[in-house]
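A.B. asks: Sequences listed follow chains E and V, in order.
Residue numbers are given in my numbering: position 115 of the first sequence equals residue 115, and the series is strictly consecutive.
Numbering-wise, my numbering comes out as the position in the second sequence, counting from 1, plus 1000.
Hints in this document: simulated from the structure, not taken from any laboratory.
We put the beta carbon where it would ideally sit given N, CA and C, even for glycine.
Accuracy of the hints is not assured; some may be wrong.
[As the list claims (entries may be wrong)] Here's a subset of chain E near chain V, in silico, CB distances under 8 Å, partners left out:
#1 Ala46
#2 Gln49
#3 Ile79
#4 Val80
#5 Leu164
#6 Trp180
#7 Thr188
[As the list claims (entries may be wrong)] Simulated coverage check for chain V against chain E, where a stretch passes if three residues somewhere in it have a Cβ under 8 Å from a Cβ of chain E:
#8 1030-1039
#9 1073-1080
#10 1108-1114
[Claimed, not checked] Cut-off 27 Å, straight-line C-alpha distance, at most; resulting in silico cross-link-like pairs (DSS-like, lysine-lysine):
#11 V:Lys1004 / E:Lys7
#12 E:Lys87 / V:Lys1006
#13 E:Lys23 / E:Lys243
#14 E:Lys87 / V:Lys1032
#15 E:Lys23 / E:Lys222
#16 V:Lys1006 / E:Lys7
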Amino acid sequence: MFTFLHKYASPQYFYSWSASWQKWASIIAALLMSVGLYYSLLNSPADYQQGETVRIMYVHVPAAWLSMFGYMVMASAAIVTLIWRIKVAEIMIAQCAVIGASFTALALITGMLWGKPMWGAYWVWDARLTSELVLLFLYFGVIALSGAFDDERAGARAAAILTLVGIVNIPIIHYSVEWWNTLHQGPTVSKFDSPSAHPSMLIPLLVMALAFKAYFFAVLFKRARTELLLRERNTSWVKALLKEAV
Amino acid sequence: MATKRKQRMIFVIVLISGFAAATALALFAFQKNLLYFYSPSQLSEAEVTEDQLFRLGGLVVEGSVVRMPDGITTQFSLTDMQGQVQVEYTGLLPDLFREGQGIVAQGKLNASGLFVAQEVLAKHDENYMPPEVAEALKAAGGEHPVSIPKTTVE
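All chains, please: the whole structure from these sequences, using the hints.
C.D. replies: What follows is the structure, given as structure tokens:
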């Protein structure tokens, strides 16, 4: 099984199969994003309490989900890095961190824009907001640490350890609204038996969430492939590839 | 080679479970401090002294909102269906403030047990629906779908 893993994860092999994955993820992201944005911004009802402000949710919630999803992808790459020392996984850590940090920032900013009109404050130090801010700093730490070594592979291993230390924050973010009194509202969608959003709002939200996920992979593959070429620039397969291109 | 990989695997497992255990203990120890607000029924158990700044969260009791003659001071009661606290606030209330709405107020208890708020925030619940659906729910005799702030600490 592990020889199989090593084969698919070899830099040269990864570079060839990830090309079509990147292409399809981009196409799916563009399609879902245009459908999702149309329904969420133009063709869905206003909320009975929040009015038009509810539309911020269609960006905020998928961004917040992705901030945690991206961390789980990064943690998987970190485990593979620490145990199997696979180069492609090492590259993935820092690339996940950059995208994850962007979406965490997006979730925080859109949340603040929603909080001012709805709660009456841009920011409060409740458990949900604080743990999401900690997530942003964890991402920054991973980015900084993976670039702090002359040896890129040593940097990736250090970043992998920080990633796995920080993983305790993910359940804290998720359950913060249930464990403690928070100003942030409780979960709406994860109550699968009876989600507390009307279908006319829930469906655009889920389309947007899928669009964000597809976008994540499109960007992740693009970044990983570019970084891989840079690191492997002195190997024979990259030189052969360049010769072909010229 | 296989043993080396096994060692690394054990390292990863110990790393994650060690930090998870440490964090769980820390969170358990600080549980009370992590509450963003107290509910009225928690207030009787929480040892808050006079002049101590804290937050209080609950639903605005129907029919309890009274505007004072000065035009900017409002008095209302907050409830979690078990306890009730009288609140006074001078200033602009958030748009979502209304009877039956969940809110969080920051302030101090005075000598007579009145909670004098310095800041009032509206707590939005997790229900999203178009106005027509909310109307229909109301017409069907369903309660206004507000979430009751949690009262259990444990």
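A.B. asks: Decide, hint by hint, whether the structure agrees.
C.D. replies: We went through each hint and held it up to the structure:
1. Ala46: Result: holds, 7 Å to nearest chain V Cβ.
2. Gln49: 6 Å, holds
3. Ile79: With Cβ-Cβ at 6 Å, under 8 Å, it holds.
4. Val80: 10 Å, violated
5. Leu164: Nearest chain V Cβ about 5 Å off; hint holds.
6. Trp180: Since the shortest Cβ distance to chain V is 5 Å, the answer is holds.
7. Thr188: OK, holds: Thr188 of chain E within 8 Å of chain V, min 4 Å.
8. 1030-1039: holds (count 7)
9. 1073-1080: Coverage by chain E is violated here, the residue count being 0 at a Cβ distance below 8 Å.
10. 1108-1114: violated (count 0)
11. V:Lys1004 / E:Lys7: Satisfied, since the Cα-Cα distance of roughly 20 Å is no more than 27 Å.
12. E:Lys87 / V:Lys1006: Distance of about 19 Å is within 27 Å: holds.
13. E:Lys23 / E:Lys243: 23 Å, holds
14. E:Lys87 / V:Lys1032: 45 Å, violated
15. E:Lys23 / E:Lys222: Cα-Cα ~9 Å, so holds.
16. V:Lys1006 / E:Lys7: Within the cut-off at roughly 21 Å; holds.
Checked against the numbered hints listed earlier, the structure breaks hints 4, 9, 10, 14; every other hint is satisfied.
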